[in-house]
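All chains should be built: construct the whole structure from the sequences, respecting the hints.
Number of protein chains: 4
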Amino acid sequence: MKVKLICHTPDPERTVAMSARLCYSAVGAEQLVEKMSPDQVAKLVDKIVEMGHLSTFEHVSFTFAVEGVSRVLTHQLVRHRIASYSQQSQRYVKEHDFEYIVPPSVAANPQAAARFAAVMDQVRAAYDELAALGVHQEDARYVLANATETKIVVTMNARSLLHFFELRCCARAQWEIRRLADAMLVEVRKVAPHLFRKAGPTCVTQGLCGEGDLTCGRLDSLNKQGGR
Amino acid sequence: MKVKLICHTPDPERTVAMSARLCYSAVGAEQLVEKMSPDQVAKLVDKIVEMGHLSTFEHVSFTFAVEGVSRVLTHQLVRHRIASYSQQSQRYVKEHDFEYIVPPSVAANPQAAARFAAVMDQVRAAYDELAALGVHQEDARYVLANATETKIVVTMNARSLLHFFELRCCARAQWEIRRLADAMLVEVRKVAPHLFRKAGPTCVTQGLCGEGDLTCGRLDSLNKQGGR
Amino acid sequence: MKVKLICHTPDPERTVAMSARLCYSAVGAEQLVEKMSPDQVAKLVDKIVEMGHLSTFEHVSFTFAVEGVSRVLTHQLVRHRIASYSQQSQRYVKEHDFEYIVPPSVAANPQAAARFAAVMDQVRAAYDELAALGVHQEDARYVLANATETKIVVTMNARSLLHFFELRCCARAQWEIRRLADAMLVEVRKVAPHLFRKAGPTCVTQGLCGEGDLTCGRLDSLNKQGGR
Amino acid sequence: MKVKLICHTPDPERTVAMSARLCYSAVGAEQLVEKMSPDQVAKLVDKIVEMGHLSTFEHVSFTFAVEGVSRVLTHQLVRHRIASYSQQSQRYVKEHDFEYIVPPSVAANPQAAARFAAVMDQVRAAYDELAALGVHQEDARYVLANATETKIVVTMNARSLLHFFELRCCARAQWEIRRLADAMLVEVRKVAPHLFRKAGPTCVTQGLCGEGDLTCGRLDSLNKQGGR
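Protein sequences, first through last, are from chains D, U, F and H. No gaps in the numbering here: position 4 of the first sequence is 17 in the working numbering, and each next residue is one more. No gaps in the numbering here: position 104 of the second sequence is 117 in the working numbering, and each next residue is one more. No gaps in the numbering here: position 88 of the third sequence is 101 in the working numbering, and each next residue is one more. No gaps in the numbering here: position 119 of the fourth sequence is 132 in the working numbering, and each next residue is one more.
Source of the hints: derived by calculation from the structure; they are not laboratory data. Hints are not guaranteed to be accurate.
Intra- or inter-copy, both count: the list cannot distinguish identical chains.
Calculated lysine-lysine pairs in the DSS-like style (CA-CA distance at most 30 Å, straight line) [unchecked claim]: (1) Lys237 - Lys60; (2) Lys211 - Lys60; (3) Lys107 - Lys237; (4) Lys107 - Lys48; (5) Lys17 - Lys48; (6) Lys15 - Lys48; (7) Lys203 - Lys48.
See the structure below:
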């Protein structure tokens with residue numbers, strides 16, 4: 014999996030801080046931009062996070078190029094609706110030599126890994142034969158596996174990202190999208206550490222777990238450690 | 014493919030008409046509901062469609078149960094973001110005896126159809142063997158094909174549906190989602206004929222085609238027939 | 014203020030329960046609809062609420078006709094974006110005899126109430142004179158007060174409503190929109206008591222308050238009462 | 014009115030072009046970023062506009078600080094839901110010395126202008142007296158006029174902006190929001206001329222008018238000039 018933050022709103026924390034100040038100040042936006050020191054920006058962002066008043070987080074967006082992920086992942090990813098996507102099309106791009114994603118639980122089991130690789134070869138052969146029989150790639154792709162590698166460009170604003178991290182950094186999320194979420198969080202923290210200081214699943218951010226009997230135990234161990 | 018309209022806002026055209034009247038009238042909503050005859054409702058809805066002022070169409074929603082479709086279709090479908098979805102999960106439901114969708118271009122070609130069926134058997138065998146080797150179904154499903162049958166519940170409001178029909182009843186959409194869109198349109202026209210009177214691709218509704226060189230020729234033939 | 018639930022998805026709790034079951038069952042949607050008893054529906058909805066897996070709540074929508082509210086309220090209301098609105102237009106409807114909303118803090122203070130009524134008369138006179146001077150109503154309305162009565166039709170799905178109730182039933186919300194939210198909650202509980210069993214501000218639903226120093230004290234008193 | 018583009022996704026046209034290329038190419042996103050010349054970017058963006066395949070336009074966002082506008086304008090503006098807003102609050106900011114917006118039709122008529130100014134003075138006096146009587150500013154503001162000046166920060170992505178320009182650069186939009194839309198269009202064209210080359214009302218972009226009998230005549234005069 015390759016996750017690259019290819020662009021984002023410049024100076025995202027200042028943009029958020031300035032927007033927040035505007036709501037509670039008689040001064041205009043332009044003056045606010047100039048007046049705040051980096052330290053004031055950081056403090057105000059921290060306070061916004063603490064209060065949970067996240068509407069100003071929407072003013073800043075982050076765009077990622079994601080490669081080396083399966084269509085299992087992208088089918089889950091695009092369910093997040095406050096986001097924008099451009100995905101490599103299986104209708105228009107021929108998958109003559111497709112890569113595929115192997116789940117760690119398969120990779121760790123030599124017999125399963127061999128079986129997995131074998132069926133991928135069978136699928137590849139079927140795809141090529143269907144093409145040779147004159148089936149257009151948009152229909153030939155019906156035989157392609159969920160594991161088939163795809164590429165996608167994703168844009169989310171910071172508020173939507175926080176929601177995404179809450180759901181997808183959770184241990185209940187599937188391993189692949191959790192890896193993506195973790196990698197995206199690493200990236201955005203490099204450029205906006207205060208915005209994403211408290212990002213993550215609710216056990217980490219609120220000391221709460223909504224998973225009931227399905228809980229992973231992380232909250233318990235956080236509580237035993239005496240803090241989050 | 015099985016497409017069933019399982020519920021919708023009652024009396025959808027009256028709801029739209031009443032909301033539209035409220036915007037331009039000093040009278041309250043309650044009185045408006047009672048006052049309009051079915052004929053007045055139909056005329057007002059026709060006028061709203063004509064003017065393209067579709068915001069009132071959002072007040073009415075339609076929920077469909079869709080079965081017998083592939084994950085090719087659902088991956089495209091869930092890209093429509095002004096909509097709500099509940100899909101049968103491959104993480105939690107075991108696909109021991111999965112059905113699959115055969116594209117018409119494959120079904121029409123006996124050699125291709127045989128090849129297609131053969132690889133589906135190979136995939137099924139691999140899925141079962143991975144399960145037998147202790148791989149959890151959420152990872153075993155990585156070998157499942159795009160063609161695998163899935164079920165989904167979809168809710169869209171009438172405005173979002175019009176946009177969906179515009180894109181997906183178009184000849185450029187893939188056959189499977191076009192079939193779904195056509196079936197959904199048949200269903201909603203039964204309960205709200207005036208709301209969806211002009212629904213469809215832009216060649217039908219506006220006499221325009223945005224597909225450039227990729228055009229299907231439908232607009233030309235509509236124009237030759239002397240009308241749309 | 015007059016708040017009327019004018020329509021909603023029929024049998025909303027069954028629709029939610031059926032959608033939820035589909036996700037975790039190999040059985041089709043149609044069979045699920047028929048199979049569940051009212052008691053099974055109620056239990057499943059309660060469990061969904063408990064787990065916080067609210068995506069299935071989006072399949073059901075509720076439409077309200079709201080009258081006797083100010084434009085202070087509607088300017089706040091329409092900030093909720095996962096919703097649909099049709100509002101009485103001040104551009105197209107002449108406000109010759111407008112009603113206005115008096116805040117309780119003004120009504121409770123005779124001097125303030127008299128001052129308030131007097132300035133409303135001055136505004137009405139100015140509006141009429143501007144009209145007499147040939148100013149079109151869409152411009153004459155620039156003198157109209159925030160307090161001017163308006164009417165609006167609002168549609169939200171159940172998930173968006175839960176979010177709305179969380180923010181707007183909170184003591185930190187302004188009195189007018191809190192009244193609206195409280196009235197809407199009363200209405201939806203009549204037709205879907207299980208869906209909205211735990212609706213309200215986070216102090217009530219989660220035992221949490223995000224308002225920091227601005228807190229109203231309700232959480233403390235809930236805690237002292239030994240339960241929520 | 015003061016409209017300032019305070020930040021935006023860097024190199025917006027390259028971001029759009031790269032996202033579009035990814036969909037139709039087997040090459041990864043990273044390589045695509047580096048490979049395209051400015052001329053290739055411009056040509057691809059032009060083609061995307063021509064085809065109307067605008068989903069890639071969502072990857073780039075633009076943030077504006079807007080001052081010197083009325084609450085008539087912001088009440089209309091915030092109806093655009095695919096956008097983010099931070100507005101100066103009348104609950105938390107005291108309007109002791111508020112400015113107000115005078116419609117051109119009023120300004121051009123000396124009698125109307127005098128009447129307008131007089132009622133603004135009456136409103137100001139009432140607001141101050143209510144405050145002196147102990148009414149909190151969040152309730153005192155009920156007397157404030159629609160014309161009262163406000164400040165707002167707005168963020169929209171390029172696709173949402175195109176829709177905004179289509180509706181609000183139209184002669185049927187009210188003068189104030191049309192001025193805002195025109196000013197925003199000037200700003201974004203400076204940094205992304207190809208993205209917004211065809212932006213504007215449908216008479217300009219498609220040679221169509223949806224306003225029926227309410228049409229302004231612009232389409233007719235465009236047609237007479239022999240081109241758009």
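Verification of the hints:
no.	hint	in the structure
1	Lys237 - Lys60	both (27 Å within a copy, 28 Å between copies)
2	Lys211 - Lys60	both (12 Å within a copy, 28 Å between copies)
3	Lys107 - Lys237	neither (53 Å within a copy, 36 Å between copies)
4	Lys107 - Lys48	between (54 Å within a copy, 21 Å between copies)
5	Lys17 - Lys48	between (32 Å within a copy, 17 Å between copies)
6	Lys15 - Lys48	between (39 Å within a copy, 19 Å between copies)
7	Lys203 - Lys48	both (24 Å within a copy, 26 Å between copies)
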